[in-house]
Structures are given as structure tokens and as C-alpha cells.
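Q: In case you want the letters, here they are:
Number of protein chains: 2
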Amino acid sequence: MTAQLTKISTVAIVGGVHGNEFSGIYLERRYRAEPELVKRSSFSVTTLLANPQAHQANKRYLHSDLNRQFKTADLANPDLTNYEQSRAKVINAQLGPKGAAKTDFIIDLHNTTSNMGPCLILTQPGRLYNLLAAYVKMKMPSAVISRDEDHFAAEDHALLCTVGTYGVIVEVGPQPQSVLRQDVLEQMHEMTQHILDFIELYNTDQLPVLPKRVEAIRYLRSIKLPMNAAGERIGMVHKNVQDRDYQPIAPGAPIFTLFDGTEVPYDGSETVYPTFINEAAYYDNNLAMSLNEKVWIELE
Amino acid sequence: MTAQLTKISTVAIVGGVHGNEFSGIYLERRYRAEPELVKRSSFSVTTLLANPQAHQANKRYLHSDLNRQFKTADLANPDLTNYEQSRAKVINAQLGPKGAAKTDFIIDLHNTTSNMGPCLILTQPGRLYNLLAAYVKMKMPSAVISRDEDHFAAEDHALLCTVGTYGVIVEVGPQPQSVLRQDVLEQMHEMTQHILDFIELYNTDQLPVLPKRVEAIRYLRSIKLPMNAAGERIGMVHKNVQDRDYQPIAPGAPIFTLFDGTEVPYDGSETVYPTFINEAAYYDNNLAMSLNEKVWIELE
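Same order as they appear, the protein sequences are chains A and B.
The opening position of the first sequence corresponds to residue 1 in the numbering used here, with each subsequent residue numbered one higher.
The opening position of the second sequence corresponds to residue 1 in the numbering used here, with each subsequent residue numbered one higher.
I should point out that these hints are in silico values taken from the structure, not numbers from a laboratory.
Fair warning: there could be bad hints in the mix.
The list treats identical chains as one, so a pair stands whether inside a single copy or across any two.
[Said to hold, decoys possible] Here are the computed lysine-lysine pairs in the BS3-like style, where the Cα-Cα straight-line distance is at most 27 Å:
(1) K59 to K224
(2) K212 to K71
(3) K239 to K139
(4) K212 to K239
Please take these sequences and the hints and turn them into a complete structure.
A: Dropping the structure here:
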């Protein structure tokens with residue numbers, strides 16, 4: 001094992017970035033009420049309900065998606081003044097500022113309506129993340145590691161978790177918007193606990209022997225629902241793809257069904273692995289799913 | 001078979017009573033675009049998108065639940081003026097008026113986030129409904145027949161489908177709000193087609209031999225999520241109950257889990273059969289599920 005990196009001293013657990021993703025909202029509330037659940041010896045923990053007004057309204061957001069407001073330039077732009085743009089500035093002051101943050105590690109809790117199970121999303125590269133991925137996968141084999149880290153420099157990443165020096169997303173589904181499922185809540189709690197344990201072991205140089213390589217998926221691109229020239233949706237996710245997040249889609253396999261019954265094949269040239277299949281929140285932008293490749297995370 | 005009842009001459013297929021239940025909205029749109037799909041020889045069919053502004057806003061409703069606005073007294077009350085109360089009056093004029101309707105049969109298309117599969121809900125009693133239940137169950141064995149018919153006189157029933165001389169609800173799930181699933185859409189289409197076929201066969205006195213009795217469930221009451229004295233939710237549906245709509249819950253079986261981990265047993269004295277388990281739209285009223293008994297529909 002190589003030399004110890006900087007110790008993690010401050011951790012923030014964030015729920016309710018989206019006001020209708022109930023697991024994170026309830027888990028943040030529980031941790032606030034029972035701080036001993038997140039207490040560890042080597043770091044301090046704060047919790048935050050990020051978008052209380054959207055939760056009050058039982059909506060994802062009031063004016064714009066809070067989890068798209070954290071680009072460095074946007075945080076510095078005084079003309080971005082709507083509710084979520086304002087919340088982003090407040091949260092950046094509270095947990096950041098981005099690039100020189102008082103929070104060493106942010107755990108941002110999210111739900112999806114897609115059948116993704118417990119998914120750990122890494123939005124930045126680095127050795128700490130690789131160790132974390134290996135630890136979480138070892139402790140929770142049902143977890144899927146998702147990398148979305150090398151498309152943007154951190155300052156251009158719009159996600160809340162990029163405000164911290166380190167940050168990850170815990171994404172668990174399937175759970176309809178505005179519903180709380182016990183199984184999903186328990187998976188989110190379990191993954192969060194593993195992350196906290198990892199940080200404690202990392203800080204105290206007590207990490208167990210970890211696997212040398214960890215399977216992960218890496219985000220390639222998103223694809224849209226079939227639309228006509230007027231921008232109206234004319235089809236839907238094919239039922240053979242529905243609920244089969246992470247399962248391979250081969251070139252030529254049916255991926256959409258048009259409302260007239262026509263099957264539309266996947267037109268890519270490589271097998272891909274879908275995530276966020278038919279996610280409710282992505283209909284705004286007519287996104288059907290994300291496509292990923294399989295990769296290996298190699299530990300030094 | 002006893003003497004023929006009055007023939008059904010006018011049928012209305014209604015989608016989008018709730019603006020974020022996408023299957024009915026898309027199916028109504030498809031039937032409007034391809035009227036040959038719903039055309040039969042013995043009756044005329046109209047279709048209606050009931051709450052276009054709620055669909056535009058991607059919400060269940062703007063001001064109040066449209067499917068609770070159709071009590072005869074409320075329809076006549078000029079002081080009830082919000083958007084859905086106004087829509088109810090317009091729809092009553094268009095398809096009704098309730099009690100003397102120009103529409104003989106209303107098919108109202110709905111989705112639930114609960115794992116209910118294709119469910120035919122009968123909100124009024126009578127021989128026509130019994131024949132319909134037997135026909136649909138024979139043609140579509142996966143269908144569940146739900147009776148909610150003898151709690152209210154028709155004039156006190158607040159549902160849209162009670163505006164017609166006859167009316168039923170086609171309720172299909174699980175489908176998250178604001179999502180379109182192909183499997184759910186196909187089940188809704190299939191059940192609607194069976195209902196139209198039934199009316200045609202009934203009108204032309206060509207009904208096949210039907211089973212003498214049909215299993216159904218009958219609504220008893222709804223139960224609430226666990227709450228504290230301040231009215232805050234302190235627990236959730238137990239994971240052993242989640243997704244198990246129609247499966248028996250015996251006295252003493254766990255039915256809720258409190259956020260502190262305590263399991264809460266079902267405190268009734270009879271085995272019951274749940275529906276609408278953890279339905280997203282019912283959180284407004286803190287409803288956890290509906291409880292039903294098993295009954296038999298006996299054909300004369």
C-alpha cells in the first residue's frame with residue numbers, strides 16, 4: 001500500500017437534493033435524530049436537507065434541478081437567482097466553497113425509479129475512490145460501482161457532491177417518486193454505513209486487504225426516447241429492456257417500441273450496459289436511459 | 001339467461017383524470033388517433049383527456065383530486081370553483097349529467113404505483129357488472145375484480161365513472177408516476193378491449209357461456225401510516241407487505257416498520273387482502289393501503 005493520503009476530517013451526508021426522493025430525506029432525518037448512527041472516532045459528520053421547499057411541495061425541484069447548479073462559474077454568477085440556484089450558493093458557502101472546501105467528503109443520497117439496486121456513483125477519479133469502490137463492493141456484493149468521472153473537470157461538474165474535496169452519490173432504486181420503500185431505505189442505509197466505515201478505516205490506516213480489481217460501469221452517453229419532428233414522444237422503452245438496468249444491450253436488439261407497435265433496434269456498434277432506464281425525472285428532457293461500458297478499477 | 005337489459009349505445013373512454021398517470025393518457029391519445037381500435041358495430045365511442053392542465057404540469061391535479069369531485073351535490077354547487085371542480089362540471093355536462101346521462105358506459109383509465117397488475121374496479125352493483133366481471137376474468141385470467149360498490153349510493157360516489165349510467169375503472173400497476181411502461185400499457189389496452197368486446201357481445205346477445213361464479217375482492221376500509229401526535233409519519237409499510245397486493249395479511253402479521261426498527265402487527269381480527277399498498281398519491285392523506293375481503297360474484 002502506498003503512502004497515506006490526507007486524512008478525511010469532515011463528512012457531510014446530504015438528503016433531499018430532489019424533493020420527491022424520499023429515502024435520502026428520511027435517512028438524513030434519522031441520522032439527525034440519532035447522530036450516534038453516523039458517529040465515528042476520526043471525523044465529524046454533519047447532515048443537510050438540501051431542498052426543503054421542493055420536499056414541502058413534494059416535487060423534484062421548484063424552479064430548476066438543484067443537482068445541476070454546482071458548476072464553479074454558476075456558483076459565482078449573481079444573475080442565477082431562482083430558488084435552486086440560490087440554494088446552491090448557500091450550500092456552497094455551507095459545505096464548500098468548491099475548490100477549497102471545508103467539507104472533505106460529501107455523501108449525497110438519491111433515489112431512482114429505475115431498477116438499479118444500490119449504486120455507488122463516483123464523479124471524480126482518484127486513488128481514494130478506487131479504495132472506496134473496492135471496500136464497498138467487498139462488503140456489499142449487490143452494490144454496483146458507476147464511474148462518471150472523466151468527462152468533466154471538477155469545476156465543470158454540476159453535481160452537489162463535487163462541492164466537497166471528495167464526494168459520491170448513493171443512488172438506490174427502484175422507488176417511485178414520493179414513496180418510501182423499506183427495502184430501498186435499508187439498502188441506502190447499509191451503503192452509507194459502509195462508506196462511513198471505509199473513511200474511518202482509511203483515516204486510521206486499518207483498511208482490510210482489498211480485491212486487486214473491481215468491476216464497474218463507466219458512463220458513455222444518454223439516449224432519448226423516440227420523438228417526431230414536432231418533439232412529441234412517439235414511443236417508449238421496449239419491455240425487454242424495462243427493469244433490466246446493467247444487463248447488456250447488443251447492437252440490433254430491440255430498445256424502443258413505437259406507439260404504432262414498431263420495434264426500434266439499438267443502433268450502436270458495441271454492446272452497452274444501461275442505467276436509469278425509464279427514470280421518471282428524465283422525461284423532462286426525453287431521456288430514455290444512460291448507456292455505459294464495463295470497466296475494471298485496478299488497485300495499485 | 002334472463003331478459004336482456006337496456007342496450008349500451010354510447011361509451012366514453014377517459015384518460016388522464018390524474019395528470020401523471022401516463023398509461024391512460026397515452027392510450028386515450030392512441031384511441032383518438034386510431035378510432036378503429038375502439039370501433040364496434042353496436043355502439044359509438046368517444047374519448048376524453050379529462051385533466052389536460054394537470055398533465056401539462058405533470059401532476060396528479062392542480063387544486064384538488066378530480067376523481068373526488070363527482071358527488072351529485074358537488075356538481076350542483078356553484079361555490080366549488082377551482083380547476084378540477086370546474087372540470088368536473090364540464091365533464092358532467094359533456095358525458096352526463098349524472099343520474100340522466102347521455103353516456104351509457106364510462107371506462108376510466110388509471111395507474112397505480114402499487115403492484116396491482118390489471119384490476120377492474122366496479123363501483124356500482126348490478127347484473128351487467130357481474131356479467132362483465134365474469135367475461136373479463138375468463139378472457140384475462142391475470143385480471144383482478146375489485147368491488148367498491150355498496151358503500152355509497154351513486155349520487156354520493158365521487159368518482160368520474162359514476163357520471164355514466166354504467167362506469168368502471170381500469171386500474172393497472174405498478175407504474176411510477178410520470179412514467180410509461182410498455183407492459184402496463186399493454187395490460188390496460190387488453191383489458192379495455194375485453195370490456196368493449198363484452199359490450200358488443202352483450203348488446204348483440206352473443207355472450208359466450210360464462211363461469212357461474214367469479215372470485216373478487218371487496219373494499220372494507222383504508223388504513224393509515226403510523227403517525228405521532230404531531231401528525232408526522234413515524235414508520236412505513238413493512239417490507240414483507242410491500243408489492244404483495246392481494247396477498248393475505250393475517251391478524252398479528254407485521255404490517256408496518258417504524259423508523260426506529262419496531263415492527264407493528266396488523267391489529268384486525270380477520271384475514272384481509274390489501275390493495276394500493278404504498279401508493280404514492282395516497283401519501284397526501286397518509287394512507288398506507290386499502291384492506292379488502294374475498295367475495296364471490298354469483299351469476300344468476
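Q: Look at each hint and say if it fits the structure.
A: Going through the hints against the structure:
1. K59 to K224: Close inside one copy (23 Å) and across copies (22 Å); limit 27 Å.
2. K212 to K71: neither (34 Å within a copy, 67 Å between copies)
3. K239 to K139: Between copies only: 22 Å across chains, 33 Å inside a chain, cut-off 27 Å.
4. K212 to K239: neither (37 Å within a copy, 36 Å between copies)
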